[in-house]
Amino acid sequence: MNALTEITLNHYLALSGILFMTGAAGVMMRRNILVIYMCLELMLNAANLALVAFSRFNTQPLLEGHIMVFFIITVAAAEVSVGLALIVSLYRLRQTTNVNDLTSLKF
Amino acid sequence: MNWIILLSPLVAAVLAGLVFRAHKSVAVGLSIAACTVSFAASAWVFFYPGSLPFTSVDWIKVGSLHVTIGGISDPLSNLMLLIVTGVGLLIHIFSVGYMKEDPSVSRFFAKLSFFMFSMLGIVLADNLVMMFIFWELVGLASYLLIGFWFQRPSAADAAKKAFIVNRVGDFGFMIGILTVWALWGTVDFHQLQVLVAGGTGPLGTKADWLILAGIGLFMGCVGKSAQFPLHVWLPDAMEGPTPVSALIHAATMVAAGVYMLARVFFILELKGEVLTVIAWTGTVTAVFAALIALQQNDIKRILAYSTLSQLGYMVAAVGMGAVSAGMFHLATHAFFKALLFLAAGSVIHAMHHEQDIWAMGGLRKKMPVTFATFGVATLALTGFPFLFAGFYSKEAILVAAFGANRAIFAVLLFTAGLTAFYMFRLFVVAFFGSPRGAAATHAHESPLVMVVPLVFLAVLSTVGGFLPIPQYLEGAAGHGHGAHGNVVMCLSIAAFVVAAGAGIWLYRDRTHDPVRVLIFRNKFYSDEIYEWFLVRPQDALARAASWFDQWIIGGLMVRGTAALATFSGEVLRLFQGGNLQAYVVLFILGVAYLCYWILIRPFP
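Respectively, the protein sequence lines represent chains A and B.
If you read the first sequence in this note's numbering, its first letter stands for residue 678, the second for the next number, and so on.
If you read the second sequence in this note's numbering, its first letter stands for residue 1062, the second for the next number, and so on.
This is chain B alone, in the form it adopts within the complex (with noise of 0.2 Å):
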């Protein structure tokens, strides 16, 4: 019965894109009609955990390998549920009035619902193989959402590096899940969960493998949630829709490899080691994306390395331990990021696809609710205290990275100032002064179906902080802030009004940015190091193939060949005279020299 969930957005796929693709109304009916079963089916099964239990089917049974397409039903999860579901189906609605004047909206919606089904996989995934499977699809249903815009190349292309980047981290997560079954037998998380509480397993010589296990499953969430050094496909995957950059690359997709940390932390935290990797990743990604979108100047490239920054304030959650906190921050991320990106969007729509801040300004009074409503999301992004639902969830990743490592909670800290200060730098820039254009003269408000979800989102975005996640996932206990809770609070606030006050001051009224500083600007140059140790080396070994394959396969083996046997033809063709007597002279000639060679030569 639960399956509703997970199959719903799939039949609307299918339909959509094979069936429907003529009747776009339908198309879109149906894709937003599944989204919403979905959702209901979610919220049931939130309220009421356990009512409806999943039933598991046997997938593959080779030896000791027993692999299931099951459900799971735990708090994690369904919150999860909830987060896909709900922001997903917000972001269905806005695509309607976004996506209006697009040729192939059919097209458009029944990836996204593919994208909806692959991604409620994960979500359910009760085992390691079937969530990587899930995983691989919601790989590429990001690959068709990118390239949606394929006759574009730069759409085209980021859709192949988003593509080719991911694969990296899931080779990894591949090994991971290998190294697991090999350790432990298994790959259903409640088996390995049993097994590794009741400390059977890996010990002695062999624990040195559960490094390995550990690295290569966090080596899936770097990919997919984007983490240096494997962030460069995200801010490419801006190409996409801006609904989709809204979905998949700030709300769901990219908090899968959270989702996944989160679903397999019990063996993660059997090595200390790998909660420290993971920790000092989420950190660095996180300082090191916030002083990139300091200086970008494309208002969804902001977004996306802000997205980058906050993905690795999940992932440094995790690493110290406080999963639930991470998780925290996740769905308080998905509400205001999925905000910011629409309301991105609804600019973008009503500057007619111009994505330049500094040709907007004085937006604030040409589309009041976008303004509002992106105004309430930089808040909740950038930690305004007490309102707004970011300061929470980042308050209590501070906490709990004050608690751990003192190192990795200043840089925590740092990134919350640059967070303040980029995006009251965008929202300034973009929403204040007076307009610097024409198209920023010209701007209007967003028709209602676009409209409507963004203030939704933005009531999310504010009570979402006081929901209580962090102890429904942890069970009634919870942890509360604890001693260094004041402090931290006092620093963190500190912080956001420092920068933030600096934001505003230095970008209020300008023309044009005041500030240049080329490596934040150039991204730490990491396109450029890729292009030169990657990607160069790479197509000089494919030419080298590639001639290899022309000259030495090609020329000297397959048409060598067939030049041999084309020359020896026309050399033994000339004995073809048609003279039956000289054939039969020269097959006597040959039994005879046959008969010497057998009978004769071998006794002289």
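Extracted from the complex, chain A is given alone in its bound form (with noise of 0.2 Å):
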């Protein structure tokens, strides 16, 4: 195995940092909330997939990073099943997705 084939922790954690930068972005960036959500999870999975790193790297094998990452996609699973119903119940509200629309708690 040579430094150009083999995969190294540093890979998985540029390609985290990747992810979360990328969702930062969409999330302050875009305008549409369903987007902005997805933003959202994308961020969410990309600490995920630094935590299975972390794990998967460490010399012990606790699979402490494992275990941490299956509770964080239940959590986000319910939280994605909480944030879906907020919208869709927005949307049928305001008949818009779009947050510069959403603006009524301004004071």
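Hint data in this document are derived by calculation from the structure and do not stem from the laboratory.
The beta carbon of each residue, even a glycine, is placed where N, CA and C say it ideally should be.
Hints may contain errors.
Claimed, not checked - Computed beta-carbon distance windows for the label pairs:
1) A:A754 - B:Y1644: 21 to 27 Å
2) B:N1640 - A:A762: 22 to 28 Å
3) A:S766 - B:S1607: 57 to 63 Å
Claimed, not checked - Not close to chain B: a few residues of chain A, all C-beta gaps over 10 Å, as computed:
4) L686
5) I695
6) E718
7) L721
8) F731
9) R733
10) N735
11) F748
12) I749
13) I750
14) E756
15) V765
16) S766
17) T773
Claimed, not checked - From chain B, some residues computed to sit far from chain A (all C-beta separations above 10 Å):
18) V1072
19) V1128
20) D1135
21) P1429
22) E1535
23) Y1591
24) Q1611
25) R1620
Fit the two chains together into the complex; they arrive one by one in their own frames, and the hints show the way.
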């Protein structure tokens, strides 16, 4: 195995970072609330990826990161169902998903 | 069973004040009935002592402090019960006539009954803490009754003054009680007596605390019995209805201080210094008040200063160890001073609430019974030889003073002369001569319900001196007049004759006061002195505190905090533009900064 073909922890972390930044950029720049939501999920999974990578490359095979990720996936599933339900009812109420139109909570 | 003495006035007060407020005759009847029951029960206890023992109830049990609610039944309390309920009953009856036209008669009688309850509580109390509680209740009752006509600002002010001045004395009383408890570990009179008699208690260095205990207890008396320098409230308390002045500020409440001194005398006498302070305070009060009384023109104020003076006598007697003489004078004074006040009330009633003696005159023919009874009381107070009560009780005190301290004796004898002088001044000006004013011309005798109590009290003022009260208090033995009796008697008769003669000669057929002594007329400026040295500095302090509260506490701290929050809100709300992305950017910037702060900055 040489350095070019071997996949190390740094590769995973770099990928995780790229995914996270992509998600963050999406959250910051997109206007469609559904897309913002998907970008949020992307950030979440970037974190999951980092955790799994750390767990995999740990010298002691404790699998703590794996367990944590399972929890996160479970919670995220619950969160998605709630979040999507909110978005659907918001759309039904306002006929829009553009966050620029959803400003009734401002002062 | 004996608790009926204490509880029936309370029941009457509650019913008359809360239930039968609108039914005047029911309220009045209840109040008088309660007083009658108390009087009857007191008489039973007096004549059959020990037949009905008090059951005592535990009240507070904390560590070594054990306070009961119990009654005491000994000659001292039995005598006092009889005086309080007997004089109280007559005053209740008198009040029916005096307060007839007042719209809130029920309230008056409810308060009167409440006062009786509190006063009897003091008399019956078997420990200092219980006595203190009722002591305070009496203070409250006095406040309510002085301020009965609270629509008048002067009455409301007088009530407040009485209450506040009494608090000063009560503070000392409380210190005294606490010191007694600290020294002997009990507040029960009987146990204290046993401990003191057995010689257990403070010795050596702790003995100085006895002075604190004695002076503290005496301070309670100074407040309640209006001794110098806390005397200022009593003359002002004359703003209350006249029966109140008779009941509270002549016969019973002010006597509570003397009663308390007699009750704790066995503690006071442990230290000679304490007794000296007590004797001189009483003496100074006696002469001081008598001098002021010489030049007063308000009939009730003259009597008020006279009361102060006589209370000074009693306190001085206690201070000289002549407790039974003091209590004897207390008893006779209760009779004739209540009579004087009620007769004055009868006069005031007839004069349509005119109280200036120079506006009276010639009342002798218009109000014969009032005149006669007032005359009897005057003779009793001034110590007309042999016939009247005051002579014997004053004599007992003077004899004690002659034996104990010649300086005090001289001052008290001088005061006796002053008493005769100002009382005959009042008597001659108000009742003799010709009417000086429309009210005096049209005055008429008071109704029967007011006159009958006067007659009863006049009888008591006469025979009271023959009652063997000192002997009753001291057991069968008694003092007798002793060796000095005759000398003292001659001196005091001489003082009476000279002073009474001078008073009659100087004030006969006058239309205005021929003498003006401003310092007496202005009460030695004591109110002004208090105004300058106590009221003004306190007002200044209060204003400073008010300013501090308004601007520093309220302005800077309370409203300042609120203003800060409002201001920050005004600034921060500018960030709430409603743009979700702006929030996210700020949020991420914040997280980035936190990451820098925690992860990067500590490891350069």
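Tell me, which hint numbers fail for this structure?
-> none
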